[in-house]
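These are the residues of each chain, in order.
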Amino acid sequence: MREKAIWALGLLGAVVMIYNLHTVFLNLPDEAMQGAIYRIIFIHVPAAISAQVFFTVSLVASILFLVKKNHAFDAVAVSCIEVGTMLVLVNLVTGSIWGKSQWGIWWAWDLRMTSQLMCFLLYLGYLVVRPAIAEPTQRATMSAFIAIFAYADIPLVDLAIRLPNVRTQHPGAVLETGQMAPMFIPPFLVGILAVLLISTALVLVRLHQETSQREIDSLRRELHAL
Amino acid sequence: MPHGLSTAFAIARKDLRTELRTKESINASASFALVILVLFSFAFNLERDEFYAISGGLLWLVFVFAGALIVNRSFSRELPNDCLDVLVASPAPGWAIFLGKAMAAFVLLTIVEAISLPIFGLFYNIHWMDSAGPLVIIILLATWGITIVGAAFSAVIVNVRLRELMLPVLLYPILIPLLIAAMGSTTALLSGEQMTGDNFSYIRQLIGFDAMYTALALYMIEFILVV
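Here the protein sequences come in this chain order: D and U. End of the first sequence = 226 in our numbering, gap-free, step of one. End of the second sequence = 453 in our numbering, gap-free, step of one.
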């Protein structure tokens, strides 16, 4: 039943994504100043927003694990962080491609890009350290600690383009500043929904893997005890 | 003095006494700092005046690389003979143990920085004495940030395989905001600027970083030490 639900969610996300890509590539005109490359925003921003959603979920799950010591919360945290880290990488790569086209450079060390890269490195550190801890409860506790520390960067990423008196090369928040033409807003929002649906399906797959791994580990311990 | 604080000072004194008798960490860290200073001199072929533009960055890279060696020993020095388990099982509060170790690491790293700074000035012909007062404040603020976060992660990875490799992987990304502020303010000071206006935001950033991560680490360390 659970697997069917995951499949259904993934398929729904794929259908919404394909529909949106069709709209973006075939129905929308090129942007007046950027040309065709502006279309990257329909992947770039949804990836960033989805990543932040999952990192927030991982923060809550990590805190709940430390309070309740239930390994299900640790499984949720690691699943969200894995998918979130991948989404941040998509965000950084698509942003670099856009930057090369518009600014002539692959990278600029402004506050938004630096903080997002820092976010990627922090959560990459979480994923690197985790397998090095053999004991499950210790692993989960240390991972929760690292996840809570790492989340301190997320508000910085969010505020980087919103803080007054902070000069940044990165464009401002397109919806808040009204920089996006009205015809682009519906596919932009649908793009966010599509990426969220697909990445939620991926999180659920990973969660299923973690749950299965814990069951296998507990069966192995029972076998050893016999 | 409250019980916890006196415990923290006792642990700091213990760590400092141990380290100052053997000088293992200080010798290794100071030697490493010296080597990095030498290597950086080959990396850049700049005129003397141009060095001022990168002086803050150079100096703090040296400090943070040397600092990783110091903080890595904070908790790993207690592993032989199960000393860490004994410490955790003692009536001492977890936050006091952690604070004591962070304070000891802070003093040790400050000693290494005090050795490295004149050598840095010598090798690169940087006149730092003119801005010694504000420079010392920045160094102390940033060093506290490095040691408090470093000691916290040292506690996290004390039982992890390859902990000497894992600590930099975790520590350096977290320190990026602190390093940006430390490097920017140090470069400004060494270039003859004052810590006013835009430059004062670096000080605010350092204080904010220190306050936030000190509170977070002190609150959360109990979860790590009792596992």
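If you're looking for bench data, these hints aren't it; they were derived computationally from the structure. Don't be surprised by glycine CBs; every beta carbon is placed ideally from N, CA and C. Treat each hint with caution, since some may be false.
Chain D is faced by these chain U residues, among others (derived, beta-carbon under 10 Å) [to be verified]:
hint, residue
1, L265
2, L272
3, R387
4, I402
5, P403
6, I406
7, V452
Status of the R387 (chain U) interface restraint (C-beta, 10 Å, chain D) | With a minimum Cβ separation of about 5 Å from chain D (threshold 10 Å), the hint on R387 (chain U) holds.
Hint status (Cβ of I402 (chain U) to nearest Cβ of chain D, threshold 10 Å) = holds, 5 Å
Grab the minimum C-beta distance from L272 (chain U) to chain D and call the hint holds if it beats 10 Å, violated otherwise.
-> violated, 20 Å
Chain D contact restraint on L265 (chain U) - CB to CB distance below 10 Å = Constraint on L265 (chain U) not satisfied, violated at 23 Å.
Tell me if V452 (chain U) is really an interface residue toward chain D, meaning its C-beta lies closer than 10 Å to one of theirs.
-> holds, 9 Å
With a cut-off of 10 Å, does the beta carbon of P403 (chain U) approach a beta carbon of chain D closely enough for the hint to hold?
-> holds, 7 Å
Should the interface hint for I406 (chain U) be scored as holding, given a Cβ-Cβ cut-off of 10 Å against chain D?
-> Holds, because the Cβ-Cβ distance from I406 (chain U) to chain D comes to roughly 8 Å (cut-off 10 Å).
Comparing the model with each earlier hint shows violations of hints 1 and 2; every other hint is respected.
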